[in-house]
Amino acid sequence: MEIIKAVRGFKDILPGETERWQFVEDTARKVFSDFGFKEIKIPVLEKTELFRRSIGETTDIVEKEMYTFEDRGGESLTLRPEATASVMRAYLEHSLHASDAVSKLFTFGPMFRRERPQKGRYRQFHQINVELLGPGDALVDAEVIYMLMLFLERVRLTGVSLEINSLGCPECRPSFRKVLGEYLAKKEKTLCEDCQRRLGTNPLRVFDCKVEGCKAAVSAAPFLIDYICERCKEHFREDQEGLKALKTAFAVNPRMVRGLDYYTKTTFEVTTKSLGAQNAVAGGGRYDRLVKDLGGPEVPGIGFAVGVERLISLLPELMEDIVRSPDLYIASLGQEARKLAFILCNRLRHLGILAETDYSNRSLKSQMKRSDKLGARYTLLLGENELKERKAFLRNMKGGSQEPVGLDDMENQLVSLLKAR
RNA sequence: GUGGGUGUAGCUCAAUGGUUAGAGUGUCGGGUUGUGGCCCCGAAGGUUGAGGGUUCGAGUCCCUUCACUCACCCCA
Numbered sequence: 001m002e003i004i005k006a007v008r009g010f011k012d013i014l015p016g017e018t019e020r021w022q023f024v025e026d027t028a029r030k031v032f033s034d035f036g037f038k039e040i041k042i043p044v045l046e047k048t049e050l051f052r053r054s055i056g057e058t059t060d061i062v063e064k065e066m067y068t069f070e071d072r073g074g075e076s077l078t079l080r081p082e083a084t085a086s087v088m089r090a091y092l093e094h095s096l097h098a099s100d101a102v103s104k105l106f107t108f109g110p111m112f113r114r115e116r117p118q119k120g121r122y123r124q125f126h127q128i129n130v131e132l133l134g135p136g137d138a139l140v141d142a143e144v145i146y147m148l149m150l151f152l153e154r155v156r157l158t159g160v161s162l163e164i165n166s167l168g169c170p171e172c173r174p175s176f177r178k179v180l181g182e183y184l185a186k187k188e189k190t191l192c193e194d195c196q197r198r199l200g201t202n203p204l205r206v207f208d209c210k211v212e213g214c215k216a217a218v219s220a221a222p223f224l225i226d227y228i229c230e231r232c233k234e235h236f237r238e239d240q241e242g243l244k245a246l247k248t249a250f251a252v253n254p255r256m257v258r259g260l261d262y263y264t265k266t267t268f269e270v271t272t273k274s275l276g277a278q279n280a281v282a283g284g285g286r287y288d289r290l291v292k293d294l295g296g297p298e299v300p301g302i303g304f305a306v307g308v309e310r311l312i313s314l315l316p317e318l319m320e321d322i323v324r325s326p327d328l329y330i331a332s333l334g335q336e337a338r339k340l341a342f343i344l345c346n347r348l349r350h351l352g353i354l355a356e357t358d359y360s361n362r363s364l365k366s367q368m369k370r371s372d373k374l375g376a377r378y379t380l381l382l383g384e385n386e387l388k389e390r391k392a393f394l395r396n397m398k399g400g401s402q403e404p405v406g407l408d409d410m411e412n413q414l415v416s417l418l419k420a421r
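Numbering (our numbering), first residue to last: 1 to 421.
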C-alpha cells in the first residue's frame, strides 16, 4: 500500500529542528514582553471578506494565492494568508480599543498561500507577528523596528540589513502615482512586458522589477519620498531620528514597495543575501487607515511579520547548547535490577532529571552504546552484583571514571550530584 | 501560473541498454562470563517516485504524471 504524503508545500518540522523553533519562539516571547507586548491567539480560518477588505482586492495575495473554499454551510472561508487582518478583527470584535488606548500584541502561527513552492517559500509557512495599535507617533515606529532588530540579534542572526521607506498617506500617494506614471510612460518601450502592464495597474511595482531595462528606466525615476506631503515627510524624518537615537543601523530605500494595500507612511524590510530570491526575512509598516477601513474607529497602527522558516534557515548551525541530552542513563542487568531501574528512572524524572533506561534486556554493551549515543553525562550500572552488595557504579561518560554509589538513599545522592552542574 | 534541473537503501551517492541494483554512513547484533567512543565481522534495509511505451532485454531510451529543487512572479 502506498503511504500518504504531506500536501505539496506543507512541511513537517521534526525533532532536531523543533529545538530551534522553540528557541526562536522563547526568545521572541522574552524580548516582546520586555517591551510590554502580550500574546494573542487567533484562528487560522476567517471569513474571506476580511482579507478582501484589508489586504486589498487587487493584490496578488487576494487575487491568486488564497486557500478559499465554501464550508458545508455555504459560507466562503479562507485560510489566513497573513495575520494582521485577523488581529484587527479580534481587536475590533472585542473592543480592545475601548479598554486601552494602546494595544501591544504579538502572535505566532502558520499562514497559507498557494504559490509555487521554492527555497524559503512554502504554502504553509510560519510568521511571528507583532502589532501596536493606538499611537501614531513616529517614535513608535522607531521603537517597533528597534524591537525587531533586537529580537533578530538575540536569536544570533547576522548578515541582514534593514531598509526603510515611506509610502506616504492616502492624501499624497495618488499624486505621486500620477507623476511616476507619466515618467514611465515616456520609457515604455524599454520596459519588460510585465512592467508595461504594471503601468496601468500599479506603476510603483516597476521599482521592484529585476529586469535590466526596467532597472535602468527606474534608476532616474522620481522617488515617492520626494513627493509625499509635509506631514509624512516630518513623520519619516522623526522615525529616522528615533532609529539613530537607538543606534539602529538602517538604509533608506526609496524604491522599496510592499505588496499589501493597507500600508501607509513608514514601511521596512529586513533582507539577507543568502536566501536566494526570497530575501525578505521580516517586513512591516504602518497602517493608519486599516482599523477604520474594517469598520472601526480611527486608530493608527504599525506592525511587522517575521518569516520563521527563513529566519531559522539563516541561524548558525552550532546550537548544541539548546538541545537537551540525558543527565543519566541507567543500564540494568537481570530482572530485579531492571525493575529497580524502572522505578529509579521515573522517580528521577519526577524530580526534574532527564533520565533514560532500557527495558528490553539488552546486553550491557548495547546499553552502554545507547547511553553514549544519547549523549548521557553519566551511566548508572545496576546489575545482580550491585544489588547484592547494595551499591551501584556511576560512570562518567566523558572521562570514563567510575565511582560506587550506595543503593540506600541513592536517589538523593544522584539528585544532589546531577543537579550540582 | 510559466520555464530549467533532479528523482536509486533512513541519509549522501555509484551502476556502457546486458547476470541476483552496489558503496559509504546510519540502524540492529556480535568480536568468550558485566562496560560506550576507535577497530574488525555480520544482519536487516529497494516495487530504482508512479504509470505506460520502445526493446530479446530498461535504473539507463521515449511519453505521461507526481514530487523535490532553482528561477520568473510575489512575499515572510
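Derived from the structure by calculation, the hints contain no laboratory data.
One or more of the hints may lead you astray.
[As the list claims (entries may be wrong)] Derived DSS-like pairs: lysine-lysine, alpha-carbon spacing no greater than 30 Å straight-line: (1) LYS30 with LYS215; (2) LYS339 with LYS369; (3) LYS30 with LYS64; (4) LYS391 with LYS419; (5) LYS273 with LYS11; (6) LYS233 with LYS187; (7) LYS104 with LYS186; (8) LYS369 with LYS30; (9) LYS391 with LYS292; (10) LYS292 with LYS339; (11) LYS178 with LYS5; (12) LYS47 with LYS292; (13) LYS369 with LYS419; (14) LYS398 with LYS339; (15) LYS64 with LYS119; (16) LYS292 with LYS64; (17) LYS189 with LYS233; (18) LYS119 with LYS41; (19) LYS64 with LYS47; (20) LYS5 with LYS104; (21) LYS247 with LYS38; (22) LYS398 with LYS388; (23) LYS373 with LYS11; (24) LYS339 with LYS419; (25) LYS373 with LYS339; (26) LYS273 with LYS215; (27) LYS244 with LYS186; (28) LYS104 with LYS38; (29) LYS247 with LYS104; (30) LYS273 with LYS186; (31) LYS233 with LYS244; (32) LYS47 with LYS104; (33) LYS273 with LYS292; (34) LYS369 with LYS398; (35) LYS178 with LYS215; (36) LYS38 with LYS5; (37) LYS398 with LYS365.
[As the list claims (entries may be wrong)] DEER-style ranges, computed between Cβ atoms: (38) GLY406 with LYS5: 51 to 59 Å; (39) ALA420 with GLY400: 18 to 26 Å; (40) THR18 with ARG347: 53 to 61 Å.
A virtual CB, placed ideally from N, CA and C, is assigned to each residue, including glycine.
Cross-check of the supplied hints:
no.: 1; hint: LYS30 with LYS215; verdict: 42 Å, violated
no.: 2; hint: LYS339 with LYS369; verdict: 21 Å, holds
no.: 3; hint: LYS30 with LYS64; verdict: 37 Å, violated
no.: 4; hint: LYS391 with LYS419; verdict: 20 Å, holds
no.: 5; hint: LYS273 with LYS11; verdict: 24 Å, holds
no.: 6; hint: LYS233 with LYS187; verdict: 28 Å, holds
no.: 7; hint: LYS104 with LYS186; verdict: 46 Å, violated
no.: 8; hint: LYS369 with LYS30; verdict: 38 Å, violated
no.: 9; hint: LYS391 with LYS292; verdict: 74 Å, violated
no.: 10; hint: LYS292 with LYS339; verdict: 67 Å, violated
no.: 11; hint: LYS178 with LYS5; verdict: 50 Å, violated
no.: 12; hint: LYS47 with LYS292; verdict: 18 Å, holds
no.: 13; hint: LYS369 with LYS419; verdict: 24 Å, holds
no.: 14; hint: LYS398 with LYS339; verdict: 27 Å, holds
no.: 15; hint: LYS64 with LYS119; verdict: 20 Å, holds
no.: 16; hint: LYS292 with LYS64; verdict: 26 Å, holds
no.: 17; hint: LYS189 with LYS233; verdict: 33 Å, violated
no.: 18; hint: LYS119 with LYS41; verdict: 28 Å, holds
no.: 19; hint: LYS64 with LYS47; verdict: 17 Å, holds
no.: 20; hint: LYS5 with LYS104; verdict: 39 Å, violated
no.: 21; hint: LYS247 with LYS38; verdict: 25 Å, holds
no.: 22; hint: LYS398 with LYS388; verdict: 28 Å, holds
no.: 23; hint: LYS373 with LYS11; verdict: 27 Å, holds
no.: 24; hint: LYS339 with LYS419; verdict: 24 Å, holds
no.: 25; hint: LYS373 with LYS339; verdict: 23 Å, holds
no.: 26; hint: LYS273 with LYS215; verdict: 19 Å, holds
no.: 27; hint: LYS244 with LYS186; verdict: 39 Å, violated
no.: 28; hint: LYS104 with LYS38; verdict: 6 Å, holds
no.: 29; hint: LYS247 with LYS104; verdict: 23 Å, holds
no.: 30; hint: LYS273 with LYS186; verdict: 33 Å, violated
no.: 31; hint: LYS233 with LYS244; verdict: 17 Å, holds
no.: 32; hint: LYS47 with LYS104; verdict: 24 Å, holds
no.: 33; hint: LYS273 with LYS292; verdict: 37 Å, violated
no.: 34; hint: LYS369 with LYS398; verdict: 13 Å, holds
no.: 35; hint: LYS178 with LYS215; verdict: 19 Å, holds
no.: 36; hint: LYS38 with LYS5; verdict: 37 Å, violated
no.: 37; hint: LYS398 with LYS365; verdict: 17 Å, holds
no.: 38; hint: GLY406 with LYS5: 51 to 59 Å; verdict: 54 Å, holds
no.: 39; hint: ALA420 with GLY400: 18 to 26 Å; verdict: 19 Å, holds
no.: 40; hint: THR18 with ARG347: 53 to 61 Å; verdict: 27 Å, violated
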